[in-house]
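Novice: Chains as they are written, first to last, in the working numbering: chain A, 22 to 300; chain B, 54 to 362.
Please keep in mind that the hints were generated in silico from the structure rather than gathered at the bench. Idealized CB from N, CA, C, for every residue including glycine. Do not rely on the hints blindly, as some may be mistaken.
[What the hints assert, rightly or not] Partner residues are not named here, just some residues of chain B that face chain A (Cβ under 8 Å, in silico):
1) 63
2) 83
3) 295
The residues making up each chain are set out below.
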Amino acid sequence: MSTATHSLPRTIGAHAILLTYTVIALFPVILVIMNSFKSRAGIFGAPLTPPTPKTFDLIGYTTVIGQGDFIHYFQNSLVVTVASLFFVLLFGAMAAFALSEYRFRGNSLMGLYLALGIMIPIRLGTVAILQLMVASGLVNTLTALILVYTAQGLPLAVFILSEFMKQVSDDLKNAGRIDGLSEYTIFFRLVLPLVRPSMATVAVFTMIPIWNDLWFPLILAPSEETKTVTLGAQLFLGQFVTNWNAILAALSLAIMPVLILYVIFSRQLIRGITSGAVK
Amino acid sequence: MAADIRPKRPFRWHIGIFLAPAVLVYTAIMILPLAGTLQLSLFRNIEQHQVFVGLENFRTLFGDPNWSVGFWNALRNNVWFFIIHMIVQNPIGVMLAALLSSPKLRFAAFYRTAIFVPTILSFVIVGFAWKLILSPLWGVAPHLMDLVGLKSLFTPWLGKEQYALTALSLISVWQFVGIPMMLIYAALLSIPEEVIEAAECDGITGLSQFWKIKLPLILPSIGIISILTFVGNFNAFDLIYTAQGALAGPNYSTDILGTFLYRAFFGFQLQTGDPNMGAAIATMMFLIILGGVCVYLFLVQTRLRRYQF
Chain A
22 MSTATHSLPR TIGAHAILLT YTVIALFPVI LVIMNSFKSR AGIFGAPLTP PTPKTFDLIG
82 YTTVIGQGDF IHYFQNSLVV TVASLFFVLL FGAMAAFALS EYRFRGNSLM GLYLALGIMI
142 PIRLGTVAIL QLMVASGLVN TLTALILVYT AQGLPLAVFI LSEFMKQVSD DLKNAGRIDG
202 LSEYTIFFRL VLPLVRPSMA TVAVFTMIPI WNDLWFPLIL APSEETKTVT LGAQLFLGQF
262 VTNWNAILAA LSLAIMPVLI LYVIFSRQLI RGITSGAVK
Chain B
54 MAADIRPKRP FRWHIGIFLA PAVLVYTAIM ILPLAGTLQL SLFRNIEQHQ VFVGLENFRT
114 LFGDPNWSVG FWNALRNNVW FFIIHMIVQN PIGVMLAALL SSPKLRFAAF YRTAIFVPTI
174 LSFVIVGFAW KLILSPLWGV APHLMDLVGL KSLFTPWLGK EQYALTALSL ISVWQFVGIP
234 MMLIYAALLS IPEEVIEAAE CDGITGLSQF WKIKLPLILP SIGIISILTF VGNFNAFDLI
294 YTAQGALAGP NYSTDILGTF LYRAFFGFQL QTGDPNMGAA IATMMFLIIL GGVCVYLFLV
354 QTRLRRYQF
């Protein structure tokens with residue numbers, strides 16, 4: 022490595038720019054969380070200072086927990102996300118295995134058909150999806166959301182997973198076949214454990230848009246029993262426009278689970294992106 | 054031995070079984086509704102019956118000023134939304150990635166993780182948090198601008214017709230800059246060491262190395278990011294809806310195709326919802342996105358391929 026390219030001023034400049042942007046990226050998040058722990062006077066009097074013993078107040082959180090049924094919304098979001106994720110990963114991996122492992126007529130055509138959904142957003146079919154759900158009596162059920170999100174997540178999952186499955190050694194699979202394992206056993210026992218890291222990548226990519234989606238909960242499942250946390254937060258924020266404590270607390274409650282998950286999985290996510298999985 | 058391992062003659066049921074669940078769900082929930090929506094755009098509800106009317110809905114969309122004014126407004130705003138993303142998000146993303154990828158940079162993992170945080174947050178959080186920050190009631194934005202002596206420039210951007218759309222586009226850029234950053238970062242890391250060494254031997258270092266060697270090599274990634282941005286922008290809805298409501302105020306100045314579709318489909322104020330007109334708008338969005346994807350696949354990608362290894 023030449024040292025000429027890494028002179029001190031250049032390094033300082035790089036850190037200055039990156040640090041500035043980090044502040045820009047984190048400032049709104051920190052500001053919201055910080056102020057959610059303050060009294061109304063504290064929020065408006067000194068928005069930029071962290072809560073002091075004088076301004077510390079949990080009134081926002083007690084309002085949110087007393088008014089909105091957030092625990093319930095949270096459960097709905099969890100059920101929808103986990104169930105969709107399970108189906109996307111299972112069905113996606115199965116299809117990816119079929120496409121990457123076997124040669125059959127229509128293989129590449131099938132791959133292309135499944136890849137269509139990466140570019141064309143499922144939202145454009147909303148009008149007919151709603152009719153379909155009304156006709157099958159699934160409106161205002163979590164099942165409707167799970168079905169839609171499974172379909173939405175499949176194209177990218179199949180695409181990424183089949184790339185990874187091509188790398189699983191053929192010798193291993195053939196050894197399994199010689200030992201008399203069925204194709205199903207080879208898939209579930211040999212191949213799936215080997216592609217587990219890429220499954221985690223796909224899981225993160227699938228999970229974020231599902232958890233954060235507002236469009237389909239708003240259209241397919243807006244009832245009180247089926248509200249997701251994103252929709253619940255949206256409606257709650259609309260109702261409490263003037264109650265800043267409650268708004269900031271609701272926002273913080275919505276941010277924190279995602280943020281905690283992100284901090285745990287960020288290494289996995291970033292490795293997934295930078296390993297060239299999405300190209 | 055080989056006979057029952059991979060029999061050539063009998064139908065290989067397991068392939069079908071592996072493919073069936075994914076293909077069934079995908080076809081039933083995604084492809085058929087998409088086709089159904091395109092089909093619905095050619096029908097109209099007349100006396101409780103769906104009647105085939107050909108391109109009549111599109112004639113209404115483009116000919117009837119009640120619809121065409123809104124449609125062109127939404128399309129124009131959407132184009133502006135996309136332009137802001139292209140000229141702000143991508144250069145910032147490339148710059149951050151270039152800085153991050155410089156070898157021996159300390160805290161690179163920290164910067165990467167932190168800058169990606171907004172991308173994982175939901176639009177509801179982002180829209181509302183920025184609405185609060187830019188609110189003149191709270192005074193955070195004017196206070197911050199006061200610190201650098203620019204307080205006089207502050208106006209409630211989200212409430213002014215001429216600024217609202219640009220402000221929202223910039224908020225969206227703030228949220229998504231992590232994606233181009235990561236993809237370009239990955240592309241920069243995958244440039245072979247020999248290429249960089251050869252450049253250094255020829256005395257090409259620093260900035261000129263970036264412009265002359267690295268940038269041409271990451272052009273395919275910039276192409277992918279552009280098409281992802283295009284699809285995402287012409288399909289956007291959530292941010293505008295959370296920050297400005299379904300009416301995309303002030304005075305429709307932040308209306309984009311997604312919010313326009315929502316209003317046509319579900320109705321608002323005096324107008325009742327019309328699934329057929331909604332389908333017609335969704336069809337137009339489909340054609341726009343398809344057009345963009347085709348331009349990318351046939352024009353951009355084939356040209357960029359030449360630079361790849």
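Novice: Check the structure against each numbered hint from earlier and tell me which ones fail, lowest number first.
Specialist: When the structure is compared with the hints, only number 1 turns out to be violated.
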